[in-house]
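2 protein chains.
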Amino acid sequence: MARLYHVPLSPFCRKVRLTLGEKRVEVELIEERYWDPSQDFMRRNPAGKVPILRYNGTHMSESQAICEYLDESIPTPPLVPKSPEDRYEMRRLCTWFDDKFHTEVTANLVYERVNKKISGQGYPDSTRIKTGSTRIKFHLDYMDWLLGKRRWLAGNEMTLADFTAAAHLSCLDYINDVDWKRSSTVHEWYAKIKSRPAFRTLLADQIPGFPPPAHYADLDF
Amino acid sequence: MARLYHVPLSPFCRKVRLTLGEKRVEVELIEERYWDPSQDFMRRNPAGKVPILRYNGTHMSESQAICEYLDESIPTPPLVPKSPEDRYEMRRLCTWFDDKFHTEVTANLVYERVNKKISGQGYPDSTRIKTGSTRIKFHLDYMDWLLGKRRWLAGNEMTLADFTAAAHLSCLDYINDVDWKRSSTVHEWYAKIKSRPAFRTLLADQIPGFPPPAHYADLDF
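Line by line, the protein sequences are chains B and C. Plus 95 on top of the position in the first sequence (first one is 1) and you've got the numbering used here. Plus 95 on top of the position in the second sequence (first one is 1) and you've got the numbering used here.
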């Protein structure tokens, strides 16, 4: 069976979990203490990061590379579009969320509020929290604009770009940092993706000391 | 004609320049003052980053997405392998260099020594320079290990992984921060890639106030 070394509130791990779920790959989840990596963990991935997927006897790292590999080796259902133009747009948006959104929002909110406490690095920095809370509005508006032109973020089919964005937003929703009232379009998009069977494992996550808000696991939020 | 908004010592811009060169796409280069973005620049790319490629009437951003698009739309010569396993390894290594190598080495050396001065942000931070100088050794050793098993970084064919690594190393070589004596294997690999016609434009770069060392443009370095 596949095995994923992960951290529950890591958007990169969640993106791989969503892709595995959508491709119906059964996976054993092993939680890693990434802030205190064991020798075994470093041996599995010299980059010292989660997620690590053990699959077909090898250890794989880097979420985007893993997800594109899973899509290429298990073609159904497709999560990468066909045309070069649509594939470009999907990859551009995956990087938008994993790089820009991650730096401006996820790192400032999730890592400050949760990871810092769990790893014993002290209290959240209020300047960073404020930056994250301001920047998320810009990103929700950008998603609203994209979804005004298309059914899904990168086009009219659901792709890895949707999973990437949903992976980040689901971590933020766990700590109640998403204002779903800001855009009914984004709210509807998230409701669609949240109701997929692949999402169930994410909705069942429980971080000790950080109970999620009631709406987190509610499909009718 | 294609037009690339770029910064000469940006590894992300260099990776796109190498890919365009290899695919024989003629391109007009426009230097951007990324630290003082114009309204026009922000309109072309809301992420506010270089490179931006104007191609077939649209503005494209994110170097990896651009390079994979160029490979898919101009198949010769191929820069992405065929099998899902080889493609995974290529993408993993592209991220290794654009993320881990970039944070640990390029940002600590090139951005500290050059970008800070050009953008008027003061003097290099000696702690960061020291970290970069230490970490580059680890990465050269990792490349030596990979190239001990394969002809190119991601396998026996040249791929975007080689261009990604060479883009970073060429920026570091411009400021004389690569110890080519550390690994004859890495030296030979770089000599092969440096002698490709696509590399010529990079070797002709001149940053005012930062003359490159004599060996930078020398194919027999």
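Each hint should be verified, as a subset may be incorrect.
Put simply, identical chains are the same to the list, so a pair is met inside one copy or across any two.
[Unchecked claim] Derived DSSO-like pairs: lysine-lysine, alpha-carbon spacing no greater than 30 Å straight-line:
#1 211 <-> 177
#2 195 <-> 118
#3 276 <-> 177
#4 195 <-> 225
#5 276 <-> 244
#6 225 <-> 177
#7 212 <-> 118
#8 211 <-> 225
#9 212 <-> 244
#10 177 <-> 212
#11 287 <-> 212
#12 287 <-> 118
#13 195 <-> 232
#14 118 <-> 225
#15 211 <-> 118
#16 287 <-> 177
#17 244 <-> 211
#18 177 <-> 118
No lab work stands behind these hints: they were computed from the structure.
Hints violated by the structure (listed by number, smallest first): Hints 1, 3, 6, 7, 9, 10, 11, 14, 15, 17 not satisfied by this model.
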